[in-house]
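A.B. asks: Chain by chain, the residues run as shown.
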Amino acid sequence: SQTIHQWPATLVQPVGSPLSLECTVEGTSNPNLYWYRQAAGRGLQLLFYSVGIGQISSEVPQNLSASRPQDRQFILSSKKLLLSDSGFYLCAWSRGQGANYGYTFGSGTRLTVV
Amino acid sequence: AQSVTQPDIHITVSEGASLELRCNYSYGATPYLFWYVQSPGQGLQLLLKYFSGDTLVQGIKGFEAEFKRSQSSFNLRKPSVHWSDAAEYFCAVGAGGQNFVFGPGTRLSVLP
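Line order of the protein sequences matches chains A and B. Count along the first sequence from 1, add 22, and you get the number used in the working numbering. Count along the second sequence from 1, add 918, and you get the number used in the working numbering.
Since the hints were made in silico from the structure, they are not lab data. Treat each hint with caution, since some may be false.
What the hints assert, rightly or not - Label pairs and their calculated CB-CB ranges:
1) E81/A x S936/B: 34 to 44 Å
2) G934/B x I75/A: 48 to 58 Å
3) P958/B x V82/A: 37 to 47 Å
4) S998/B x T32/A: 31 to 41 Å
5) I75/A x P997/B: 24 to 34 Å
6) D926/B x S129/A: 20 to 30 Å
7) G118/A x A919/B: 28 to 38 Å
8) Q976/B x E81/A: 44 to 54 Å
9) W1001/B x G38/A: 36 to 46 Å
10) T930/B x T32/A: 25 to 35 Å
11) S42/A x L1029/B: 40 to 50 Å
Remember, it's a predicted structure, so these values are computed and weren't measured experimentally. For glycine and all other residues, C-beta sits at the position ideal for the given N, C-alpha and C.
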């Protein structure tokens, strides 16, 4: 069966520090991968998605970036965190186009920028 | 562009009572429809989905949802709520490709 792992579960980082969140999927190949952010009191916002190694699409311009160095690995990064980057970050995967199949989500990373 | 509304921000029900969470969508064609549940501090778990066919779909944990094209709705129901159902519920619409829109969510509280 397929599983998705996301870490760390919680993270407290100072403003201006770098960020690296990692997500890996097991039990499937060539998944579509996604990063969502859920800010307090707000809905889910799609940040990035990837349909293959090295292919990244950005939905929202910001100081975050994403990379997919391997088929089942998706990384969310920032060179310098802002206070507004605080939130709950969710990685997800789908078999094919997410709009047609739905997503399977990881357990999330709670990021607090102080 | 498609959109999703969940009119109820917060609902409180007593344990054992029935539940209906509302979801309305806006899309020009028949969308793919989903309901997700999120427990505090956790990721989202898929409850059920509708692609085509029977408009009443059964999901996990005793939930069901009914697609009503004439009302552009996909309401989630459960006949008897358990305390463990307290969570946030998200309706979502897929309109092909990467066009996937989540509703704002409805927080469910369950009274003992």
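A.B. asks: Each of the hints needs a verdict: does it hold here or not?
C.D. replies: Hints, verified against the model:
Between E81/A and S936/B, the C-beta spacing of about 38 Å keeps the proposed range 34 to 44 Å intact. Taking the beta carbon of each, G934/B and I75/A are about 50 Å apart, inside 48 to 58 Å as hinted. At roughly 25 Å, the beta carbons of P958/B and V82/A sit outside the given window of 37 to 47 Å. Between S998/B and T32/A the beta carbons are some 35 Å apart, a value that agrees with the proposed interval 31 to 41 Å.
Checking the proposed 24 to 34 Å range against I75/A and P997/B shows it is violated: the Cβ atoms sit about 46 Å from each other. Checked against the hint of 20 to 30 Å, the pair D926/B and S129/A passes, with Cβ atoms roughly 26 Å apart. Separation of G118/A from A919/B is about 21 Å and departs from the stated range, judged on CB atoms against 28 to 38 Å. Against the hinted window of 44 to 54 Å, the Cβ-Cβ separation of Q976/B and E81/A comes to about 32 Å, which falls outside the hint.
Roughly 43 Å separates the CB atoms of W1001/B and G38/A, a value that falls within the hinted 36 to 46 Å. In this structure the hint that T930/B and T32/A lie 25 to 35 Å apart at CB holds, the actual value being about 29 Å. For the hinted restraint 40 to 50 Å between S42/A and L1029/B, the CB-CB distance of approximately 42 Å keeps it satisfied.
This entry does not satisfy hints 3, 5, 7, 8, going by the numbered hints stated previously.
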